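These are the residues of each chain, in order.
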Amino acid sequence: MDLFPLWNSIRISAISTAAVFFLGIFCAYYISKAPKYFKGIIDVVLTLPLVLPPTVVGYLLLRVLGPKRPVGAMFLSLFDIKLTMTWWSAVFATMVVTFPLMYRTARGAFELFDNNLAYSARTLGLSDTYIFWKIRLPYCKQGIIAGTVLTFARALGEYGATSMIAGYTPGRTATISTTVYNLWRTNNDNLAFKWVVINIAISCVVLMAVNMVEKKERQAVSLKEGA
Amino acid sequence: MSIYVNIEKKLGDFMLRVNFNTENDVLALMGKSGCGKSMTLKCIAGIEKPDRGTIIIDGVTLFSSDKKINLSPQKRKVGLLFQNYALFPNMTAFENIKAGANGIKNKEQKEAAVRAMMEKFEVLHLSNHYPHQLSGGQQQRIALARILVSEPECLLLDEPFSALDTHLRFITERETAKVIKDFGKTVILVSHNIEEVFRITDKIAVMNAGKIETFGEKNTVLSNPETINTALLTGWSEISPAEIINEKCIYAKDWGIILRIKQERCSDICKSKDNKDIGNENCDVRYFVSVRTETIRPAEEESDNSFQMKVESYAVNPYDTTLILKATEGSCPITWRVSNEWWLKNKTDFIRVHIPEEGVALLVDKR
Chain A
1 MDLFPLWNSI RISAISTAAV FFLGIFCAYY ISKAPKYFKG IIDVVLTLPL
51 VLPPTVVGYL LLRVLGPKRP VGAMFLSLFD IKLTMTWWSA VFATMVVTFP
101 LMYRTARGAF ELFDNNLAYS ARTLGLSDTY IFWKIRLPYC KQGIIAGTVL
151 TFARALGEYG ATSMIAGYTP GRTATISTTV YNLWRTNNDN LAFKWVVINI
201 AISCVVLMAV NMVEKKERQA VSLKEGA
Chain B
1 MSIYVNIEKK LGDFMLRVNF NTENDVLALM GKSGCGKSMT LKCIAGIEKP
51 DRGTIIIDGV TLFSSDKKIN LSPQKRKVGL LFQNYALFPN MTAFENIKAG
101 ANGIKNKEQK EAAVRAMMEK FEVLHLSNHY PHQLSGGQQQ RIALARILVS
151 EPECLLLDEP FSALDTHLRF ITERETAKVI KDFGKTVILV SHNIEEVFRI
201 TDKIAVMNAG KIETFGEKNT VLSNPETINT ALLTGWSEIS PAEIINEKCI
251 YAKDWGIILR IKQERCSDIC KSKDNKDIGN ENCDVRYFVS VRTETIRPAE
301 EESDNSFQMK VESYAVNPYD TTLILKATEG SCPITWRVSN EWWLKNKTDF
351 IRVHIPEEGV ALLVDKR
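Residue numbers (this note's numbering), protein chains in the order written: chain A, 1 to 227; chain B, 1 to 367.
These are computed hints drawn from the structure, not numbers from a lab.
Any given hint could be a false lead.
Cβ-to-Cβ under 8 Å is the rule here; a few derived chain B residues that face chain A [claimed, not checked]: (1) P73; (2) Q74; (3) G79; (4) L80; (5) F82; (6) A86; (7) P89; (8) G100; (9) S150; (10) R286.
Owing to the predicted nature of the structure, the values given are computational and were not obtained by experimental measurement.
Ideal placement from N, C-alpha and C gives every residue a C-beta, glycine not left out.
Could you build all of it, start to finish, from the sequences and the hints given here?
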């Protein structure tokens, strides 16, 4: 059994999760401080990929990154790089689809932050960078970890947008989800079932991790309230 | 050590207009919730930006809308103690205080300063505890230590005892009073507990709807509150609309009695409010009279300010008895507390009481 799809799925998920981690926290932090009307509009735009069908996301990505489309054509002529049909093309797809998960959980965590902590830190002479890394992020740690794990889990299961932008080339762009579909399509039921079991196992582990984080978070909250 | 504050800030329908100036004092800022006390502290600390005005501490301009100066909170050297103490939950007590000592760059000196401060506040044994493992009183001591180790020029305390249980309140208050005395620079204490304020501070400023209504030495404010809001906050519980008969006599409309008042209190009020024509019915100034019921005493015979009152009803409390008194039929009652022993001995339907002149204040309400 060729384990390439497993390795490919994991590297795509890991890279996109890392990118979305920073991007999501960055957006969440600035948007949680933004004025209300602006927040409402930007929130809809940033959350949209969560509710759109992945095929619609895939279509939109192809409209932008395809070799005959503006950005795709530019990269092709300048760097001789094709942005679609490679293994890392799938990173674009998973990033767009998972971004709202990270952004929303991080924003929720930031909005629960007790601003008096930041105020008192400032009056004590602590810099805003120190406050962000040493006070705000640790305070919101549980929410951010939960968001990251969810992002990773969703990235691992991405099918629609990935199959459109990266396609299915065994040994090159195949992920677990696209492999399962193609094995089933070609009547290779045995092997498809094995991949299904692997996928379910990974997802179970990830969700158990989410539950553990959330349990710890609840404990932390009740401790904070009890104090 | 002096502080000068003259600021304006608009918040929706609310207008904050604060102007005061005090030197080397412990100043109490009193007022109902929502009157702008906490906002004033936040403006001084630099957390909120006033629309207009000036803030100067010890000759250093922290904020000036004319000169376009607005120092960041980090540069103001103003220590602000929050109501919930705002200890960083992810840091131990030691780390919290160390965060306050960020001005000291040398690591060993910094830790020595933290340890010395913890010893002073008797919290060294709590070094490795997280805030949620500490009692309210311990949290307050650590928060104060964290502020003092940052060497502020001015200390602002926002209702520092309101989050504490009653039995802890008094002990913590005594400790804080000592810290304030040792600190020796300007301190502003926000509170709505007059007893606490009286024990700790020198001066009192009473705020109402975003403005400072009364400002002065604590004894002056307590004995002559001048406005209804200040009277209520300083423990003058009984208030009735009043009519000024002359400089010494005031008719209390609700109670149906004529009270004699200290002449200077009456003339002070009338002068300070620029109302030359005493008793002018057409003036838009309304007068009220207040009685500090703690000063009421039983009277033997008829004299000035002594009144025959009917005991409408009474309630026996664990340690004293509350009497509901009426001077005339159909008038509003005055409540008066006496000791249980006295009431058992002197139980009666009619009682003669004496209200001393010190216990009577004239209040104005300008509408």
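Would you pick out the hints that fail for this structure and give their numbers low to high?
-> 10
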